[in-house]
Amino acid sequence: MAQRDGAAGSDRARPEDDQPLVSGPSLGPIQYHWVAAIVVCVGTFLGVVDNSITNIALPTLSQEFGRPADDVVWVALSFIVVSTGLSLTMGRLGDLYGRKMLYVVGFVVLTVATGLSAIAGSLEELISTRILQAVGSAMTMANGAAIITAAFPPSRRGTGLGLIVSTVGAGAMAGPALGGVLLDLIDWRAIFWTRVPLCVIGTLLAWRLLVDGSPLNRPRGLDIPGAILLFGMLGCLTFGINRGESLGWMSPVMIAMFALSAIFLVSFIIVERRSSSPIVDLGLFKGRGFSFGISAAILQFMGMSASLYLTPWLWQYGRGFDPIEIAAVMLPMPMAMMLWSPISGRLSDRLGSRPLTTLGMVCVFLALLLLSRTTADTAPLDFMARMLLLGIGASTFSSPNTAVIMSAVPPQQLGTASAAQTTARTMGNAIGAAIWVAIFVSVAGAVGETTDALSPAESAGVIDGFRLALLVAAICTAPGIIFCMVGGQRGIRIAAGKAAEGVQAVRAAIEVEIAAAVPLYRGQKSVLHGENGVRPLSSSSNRGRNGAGRAPTAEPVRPHERDSA
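Counting in our numbering, the sequence shown runs from 12 upward without gaps.
Since the hints were made in silico from the structure, they are not lab data.
In this text, a Cβ means the ideal position worked out from N, Cα and C, and glycines have one as well.
A portion of the hints provided could be inaccurate.
Label-pair ranges, simulated between beta-carbon atoms [claimed, not checked]:
(1) Ala471 x Arg285: 48 to 58 angstroms
(2) Leu350 x Asp198: 27 to 37 angstroms
(3) Ala188 x Ala273: 34 to 44 angstroms
(4) Ser34 x Asp195: 38 to 48 angstroms
(5) Gln30 x Leu350: 27 to 37 angstroms
(6) Ala449 x Met395: 24 to 34 angstroms
Sequences are here, hints too, so could you generate the full structure?
This is the structure we're talking about:
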């Protein structure tokens with residue numbers, strides 16, 4: 012019976028291959044993998060909102076504390092530098108000591124730090140609490156995708172990871188809007204204390220509902236020198252990229268930052284090759300799925316950052332729109348990501364990742380190319396349609412690509428892969444923003460430094476700067492199409508594999524039916540032959556002679572037995 016049940020369908024032919032790595036109790040009718048997805052999405056939403064909601068408050072903070080913009084920018088920059096520098100280390104800690112523990116501790120740290128930020132009495136205190144927030148955010152964001160990957164069976168993993176991308180879109184859409192409302196109605200402290208209840212709820216959900224995997228197969232030991240070198244490398248690089256435009260790319264500070272970053276990188280590689288428990292297993296980059304997936308993600312986020320950072324400048328200074336109108340023009344992109352990402356993840360479970368990641372990257376390339384054709388006469392609806400295409404392309408790419416990256420590593424390194432995906436997103440956005448803003452300013456000039464209305468020539472310069480930056484962004488994303496075509500899983504291969512499993516399942520079912528029918532056939536034949544001098548052998552005698560597992564056989568009836576009968 013077990014064999015027959017196992018052969019009932021291709022999806023049950025080998026059930027051990029489609030089991031989640033971690034199972035937990037259901038919450039009523041909600042299965043555990045959906046429970047884990049809900050908890051992770053809460054943390055992801057809070058992390059994305061935390062980054063975007065603070066940026067919009069920087070001018071207000073400058074007025075509140077009476078400090079210049081170069082000082083206030085550290086409220087945002089300290090968070091970016093610390094969270095980026097710690098992501099891979101926190102992912103590795105999740106692999107070593109349990110992802111639930113890191114996730115719960117991260118929520119606790121985030122809750123406490125958010126509350127402290129709301130009562131900060133000086134800019135220095137606020138920056139300190141933001142650093143603490145970055146530590147908690149790194150713990151949660153670095154392990155979120157790993158928790159979902161472990162909770163979902165392989166056949167539904169893309170669906171689960173698609174929810175993370177959808178949540179990122181929702182957070183990106185809600186952050187600026189929520190921040191603007193709170194700043195207008197209350198004050199800057201409200202952007203922190205209003206999120207404390209959500210952080211408390213997230214902490215309780217993670218503590219009560221998440222389940223950790225078995226500690227038996229976890230790796231042992233943390234490469235502390237590697238962690239320090241990695242933080243130094245990513246921290247210096249992130250700082251240099253974010254501040255290069257304002258401080259000057261050839262200034263002594265920037266040269267020192269990039270030189271230190273290179274030194275830290277070389278030292279990190281040397282240490283990791285010799286470490287028995289490296290922060291990042293460099294052998295992962297030998298696999299096409301992981302290396303090409305990370306590379307494509309960096310290029311995609313670089314291209315997306317051009318529209319995110321430059322669209323407000325285009326419509327405010329190039330077209331004279333107010334902030335509410337600008338938010339409406341940008342809305343289709345995060346809306347598309349929020350709604351389409353779960354669908355693309357589900358499609359990747361059925362069709363494979365390669366066709367979807369390739370199609371998504373092509374859409375991103377075409378959308379950026381169309382955005383680079385924006386003119387002073389482009390209608391807002393036309394621009395919104397191009398932003399919609401960009402959002403559809405990003406969501407079509409991101410969910411399957413995340414599944415490729417997470418499926419390319421062994422279970423004991425899921426935290427590292429999850430953190431690598433987070434780092435790719437952060438570095439792609441940071442590198443892209445620095446490049447596109449530099450290109451934009453080189454053409455448009457120093458816009459935004461005065462409240463006076465721009466002249467027609469200056470407005471035209473803003474539009475030309477936007478067009479050039481978006482064109483270069485489109486060109487930079489083009490290699491990502493090749494990475495997607497080379498890496499990932501082909502849909503036809505998955506379909507062929509499922510078809511082969513189906514054929515094997517049908518064959519196994521037929522063999523089971525034949526094996527069950529042969530003894531009956533032999534028994535009926537023996538009864539018929541018994542009327543002509545052949546009788547069936549009793550099951551007990553057959554079992555004693557041939558063994559308990561063999562089918563009954565028949566033996567001739569001797570002449571004296573026939574006469575006596």
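Status of the hints after comparison with the structure:
no.: 1; hint: Ala471 x Arg285: 48 to 58 angstroms; in the structure: holds, 57 angstroms
no.: 2; hint: Leu350 x Asp198: 27 to 37 angstroms; in the structure: holds, 33 angstroms
no.: 3; hint: Ala188 x Ala273: 34 to 44 angstroms; in the structure: holds, 40 angstroms
no.: 4; hint: Ser34 x Asp195: 38 to 48 angstroms; in the structure: holds, 47 angstroms
no.: 5; hint: Gln30 x Leu350: 27 to 37 angstroms; in the structure: holds, 30 angstroms
no.: 6; hint: Ala449 x Met395: 24 to 34 angstroms; in the structure: holds, 27 angstroms
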